[in-house]
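Engineer: Top line first, the protein sequences correspond to chains A and B.
Quick note on the working numbering: the first sequence kicks off at 1 and runs consecutively.
Quick note on the working numbering: the second sequence kicks off at 213 and runs consecutively.
Heads up, a few of these hints could be off.
[Claimed, not checked] Listed below are the simulated DMTMM-like cross-link pairs for lysine to aspartate or glutamate, each with C-alpha atoms no more than 25 Å apart in a straight line:
| # | chain 1 | residue 1 | chain 2 | residue 2 |
| --- | --- | --- | --- | --- |
| 1 | A | Lys-36 | B | Glu-278 |
| 2 | B | Lys-389 | B | Glu-404 |
| 3 | B | Lys-299 | B | Asp-282 |
| 4 | A | Lys-36 | B | Asp-246 |
| 5 | B | Lys-389 | A | Asp-10 |
| 6 | B | Lys-299 | A | Asp-31 |
| 7 | B | Lys-389 | A | Glu-7 |
| 8 | B | Lys-324 | B | Glu-278 |
| 9 | A | Lys-36 | B | Asp-282 |
| 10 | B | Lys-299 | B | Asp-371 |
| 11 | B | Lys-299 | A | Glu-38 |
| 12 | A | Lys-36 | B | Asp-272 |
[What the hints assert, rightly or not] To give an idea of the chain A side of the interface with chain B (calculated C-beta under 7 Å), a few residues:
| # | residue |
| --- | --- |
| 13 | Tyr-8 |
| 14 | Leu-12 |
| 15 | Arg-13 |
| 16 | Leu-16 |
| 17 | Thr-18 |
| 18 | Ala-20 |
| 19 | Ile-23 |
| 20 | Pro-25 |
| 21 | Gly-29 |
| 22 | Leu-30 |
| 23 | Lys-36 |
Simulated from the structure, these hints should not be mistaken for laboratory data.
Yeah, the Cβ is synthetic: ideal placement off N, Cα and C, and Gly gets one too.
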Amino acid sequence: MTDPFDEYGDLLRRALHTEADGIMPAPDGLDRIRSKIEERQRRFGWNWFTASWVRPATAAGIALGLTFLAVSAPPAIQQITSAGDQTTAPSRSTPPVSEVPSSGGSQPALPYPGSQASSQRPSASQVPPSVSGTALCRTPTPGTSSGVTAPTSAATTDKKAATGTDRPGHCSTPTPTASKTTTSSSPSPSPSASATASSSSENPAVQAQPSS
Amino acid sequence: MPFRKPDDEGARPTDVTETLVARGTAGAVAIAWDADQAVTALYSANYRSLVRLAALLVRDVATAEEVVQDSFVAMHGAWRRLRDPDKALSYLRQSVVNRSRSVLRHRAVVEKYAPKGLPDAQSAEHGAIVELERTAVVQALGGLPTRQREALVLRYYADFSEAEIANAMGISRGAVKSHTARGMAALRSVLEQLS
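Only chain A is shown next, with the shape it has when bound in the complex (with noise of 0.2 Å):
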């Protein structure tokens, strides 16, 4: 070190050393540092792990540990699996409702023995309205009439349960037939309502067969 202090070094060394000297730390230095490490591993060391109460506390809260993780995890494995069944499940939930027009096309689902009927069902399809789902998809048809809907629902309904067009919001299906339906109608003009009216007045059967 250097120094400009030298001059005032001695002054202080002096002085502090003098102060020093006067200082006299108590006798039991010694056993009070040995009171305080028996103390600090009494509380944080082996002896304290080792006490008593702590090893039966221990034991419960393991015990208590392991019965929670029993109770909860079979459940929460469940939902896990649920959960990764549900990312897969929309090709899962489709095949059965598409199963229905799929075995409908085999076998032609409409009741109606003749042609008459054939075209009497375009004019049927004509009224999504009042079929839920099938809101959307009226586009095609421009010749609507409200009033038709009462009484050819049942057929409608059993068209599209062959056409597989009674999924909501599905438009891809019934497009074919309203194609059908402009077709097959335009050779009769008439209201469609009136010839679903009359042909299902006059043949019975037509009326059974929907319900059968």
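For this one, chain A is given, so just place chain B on it according to the hints.
Structural biologist: Just chain B, lined up with the frame of chain A:
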């Protein structure tokens, strides 16, 4: 766990002076101690000097003893990491300085919110000291900032080198020079009157 004393053969001689301890002669001591033996041996060699050093820093003997005892307890807990008397002594010095600093910081907070009569009682205690020089220097030293007081005490009482002061205070050697110079400049007026 029983507290064992060191063997009589390995016990340190009792005539080791504090100056030797302050200069780090613990390296001459046998190393194969466990924590309890290290505490006992280092206590017999260093306790008094460390208490005096702490007393000069905190200006209170009882508090200084507590500081040093806590440092020994901490050293006992850290002995597995230290395992070397030189490191242990350095650890003790650092611990004493840091704990003294903490005591002064706590005391400053307490005195800040204490009634105004408390500092007067302390100065009356100091006024009981007979010698004028010592009283004046100690009072002037007590008015210094903590770092400056630490640097001056470690240099002029413990006779530490700059490196040892830097190690004990946890600062650089340049900072040690700076604190020492500023502390001596602050004490200059008092020392000029005494010289």
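Engineer: Now tell me, hint by hint, if it's right for this structure.
Structural biologist: Consistency of the hints with the structure:
1. Using a Cα cut-off of 25 Å, the hinted pair Lys-36(A) and Glu-278(B) holds, with the two alpha carbons roughly 11 Å apart.
2. Using a Cα cut-off of 25 Å, the hinted pair Lys-389(B) and Glu-404(B) holds, with the two alpha carbons roughly 21 Å apart.
3. With a C-alpha separation of about 17 Å, the suggested pairing of Lys-299(B) with Asp-282(B) holds against the 25 Å cut-off.
4. The suggested pairing of Lys-36(A) with Asp-246(B) holds, with an alpha-carbon distance near 17 Å, which does not exceed 25 Å.
5. Pair hint Lys-389(B) plus Asp-10(A) holds up; C-alpha atoms about 18 Å apart against a cutoff of 25 Å.
6. Using a Cα cut-off of 25 Å, the hinted pair Lys-299(B) and Asp-31(A) holds, with the two alpha carbons roughly 23 Å apart.
7. Between Lys-389(B) and Glu-7(A) the alpha-carbon distance is near 17 Å, which keeps this suggested pair within the 25 Å criterion.
8. Between Lys-324(B) and Glu-278(B) the CA atoms are separated by roughly 23 Å; this keeps the pair inside 25 Å, and the hint holds.
9. Simply put, Lys-36(A) and Asp-282(B) have alpha-carbon atoms about 8 Å apart, close enough for the 25 Å limit, and the pair holds.
10. With a C-alpha separation of about 19 Å, the suggested pairing of Lys-299(B) with Asp-371(B) holds against the 25 Å cut-off.
11. Distance hint between Lys-299(B) and Glu-38(A) is fulfilled; the C-alpha atoms sit about 23 Å from each other, no more than 25 Å.
12. A distance of roughly 21 Å separates the Cα atoms of Lys-36(A) and Asp-272(B); the hinted pair therefore holds under the 25 Å criterion.
13. Satisfaction of the interface hint for Tyr-8(A) is found here, the shortest Cβ-Cβ separation to chain B being roughly 4 Å, below the 7 Å cut-off.
14. For Leu-12(A), the suggested interface contact is upheld, since its CB lies about 5 Å from the closest CB of chain B, less than 7 Å.
15. Evaluation of the Arg-13(A) hint against chain B yields a held restraint, the C-beta minimum of about 4 Å falling below 7 Å.
16. With a cut of 7 Å, the hint placing Leu-16(A) at the interface with chain B holds, because the nearest CB-to-CB distance is about 4 Å.
17. The beta carbon of Thr-18(A) is positioned within 7 Å of a beta carbon in chain B (closest approach about 5 Å), and the interface hint is therefore held.
18. Contact between Ala-20(A) and chain B, as hinted, is supported at the beta carbon level, the nearest pair being about 4 Å apart and thus within 7 Å.
19. Below 7 Å, beta-carbon pairs count as interface contacts, and Ile-23(A) has one with chain B at about 5 Å; its hint therefore holds.
20. Given hint, Pro-25(A) at the interface with chain B, holds; its Cβ is 4 Å from that chain's nearest Cβ, closer than 7 Å.
21. Restraint check, Gly-29(A) versus chain B: the minimum CB separation of about 6 Å is within 7 Å; hint holds.
22. Hint status for Leu-30(A): holds, given a least beta-carbon distance of 5 Å to chain B, under 7 Å.
23. Given hint, Lys-36(A) at the interface with chain B, holds; its Cβ is 5 Å from that chain's nearest Cβ, closer than 7 Å.
Going through the hint list in order, the structure satisfies each hint without exception.
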